[in-house]
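There are 2 protein chains.
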Amino acid sequence: MRYRKRLEIVADILGAVGDGAKKTKIMYFANLSYKLLEKYLNKTVDAGLVSFDNGHYEVTEKGQVFLERFSNFSSRYSRLERELEAASFEREVLERMCELVVSERNDSRV
Amino acid sequence: MRYRKRLEIVADILGAVGDGAKKTKIMYFANLSYKLLEKYLNKTVDAGLVSFDNGHYEVTEKGQVFLERFSNFSSRYSRLERELEAASFEREVLERMCELVVSERNDSRV
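Quick mapping for you: the protein sequence lines, in order, are chains X and C. Residues in the first sequence are numbered from 55 upward in steps of one, following the working numbering. Residues in the second sequence are numbered from 55 upward in steps of one, following the working numbering.
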């Protein structure tokens, strides 16, 4: 599994909280160890992205805004990564065009 | 002056050669030292981007293709760099949304 970045973990937690959930469900759907869940779930509460009341978590309005912005950011970033890869391929083509042309051996000379 | 990359130097030389030129003109328009010009001009000739005949340089068909591809690549790359900068700003906004919300001090309690 590839390493998830901080923002992705937060977004996964918010996605798992959804319309409301308890800790076990969040841990399961966000696919996190208990230790990481504890760390990040508390962070989302402290940041006001998730509200906590009597064992029940809910995504706040700020959390919804975060999720929407993150989703936009994430797809935009993936597109940029693909475009950069294509550009890097094009750079290689150009680099190759600058390389010495090795003339084909003219066997008719033999 | 910012550092010019290899491909840019080649493109600048090809631009300076234009419809045909002698070494002094190329050096002047490509804004290169004599040493760098020697190195890169020979490269462009060896790569078949520029032809050389009796002190006179000309951009070959391959050179024209290179120039066009490089120009496309260059503007595409600049756009990607700007978009990446914007994405990195958006990432910062998202990061800040995950930070601890410091509640405003409620002076009415005093």
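In short, the hints are calculated from the structure, not lab data. You may find that some hints are simply not true.
You can't tell identical chains apart in this list, so a pair holds if it fits in one copy or across any two.
Here are the simulated SDA-like pairs of lysine to any residue, each with C-alpha atoms no more than 25 angstroms apart in a straight line [said to hold, decoys possible]:
| id | residue 1 | residue 2 |
| --- | --- | --- |
| 1 | LYS79 | SER142 |
| 2 | LYS76 | TYR131 |
| 3 | LYS89 | GLU139 |
| 4 | LYS59 | GLU139 |
| 5 | LYS93 | ARG145 |
| 6 | LYS59 | GLY72 |
| 7 | LYS89 | ASN126 |
| 8 | LYS59 | ALA70 |
Open item on the list: At most 25 angstroms between CA atoms: does that hold for LYS59 and GLY72 within a copy, between copies, both, or neither?
Closed with: The answer is within: 20 angstroms in one copy meets 25 angstroms, while 49 angstroms across copies does not.
Task: Up to 25 angstroms CA-CA - SER142 versus LYS79, copy category - done: Intra 42 angstroms, inter 32 angstroms, cutoff 25 angstroms: neither.
- [ ] Give the relationship of LYS76 and TYR131 under a CA distance limit of 25 angstroms: within one copy only, between copies only, both, or neither.
- [x] Answer is neither; intra-copy 31 angstroms and inter-copy 46 angstroms both fail.
TODO: Check LYS59 against GLU139 for me: Cα-Cα at most 25 angstroms, and say if that holds within a copy, between copies, both or neither.
DONE: both (21 angstroms within a copy, 19 angstroms between copies)
TODO: Give the relationship of LYS89 and GLU139 under a CA distance limit of 25 angstroms: within one copy only, between copies only, both, or neither.
DONE: This pair counts as neither: shortest intra-copy Cα distance 36 angstroms, inter-copy 34 angstroms.
Task: Alpha-carbon proximity context of LYS89 and ASN126, limit 25 angstroms - done: neither (29 angstroms within a copy, 49 angstroms between copies)
Task: Status of ALA70 relative to LYS59 across identical chains (alpha carbons, at most 25 angstroms) - done: For LYS59 and ALA70, only the intra-copy Cα distance (16 angstroms) is at most 25 angstroms; the inter-copy one is 47 angstroms.
Open item on the list: With identical chains, the pair LYS93 and ARG145 could be close in the same copy or across copies; at 25 angstroms between alpha carbons, which is it: within, between, both, or neither?
Closed with: For LYS93 and ARG145, the Cα distance is within 25 angstroms only across copies (21 angstroms; inside one copy 43 angstroms).
The structure does not agree with the numbered hints 1, 2, 3 and 7 stated previously, though it agrees with the rest.
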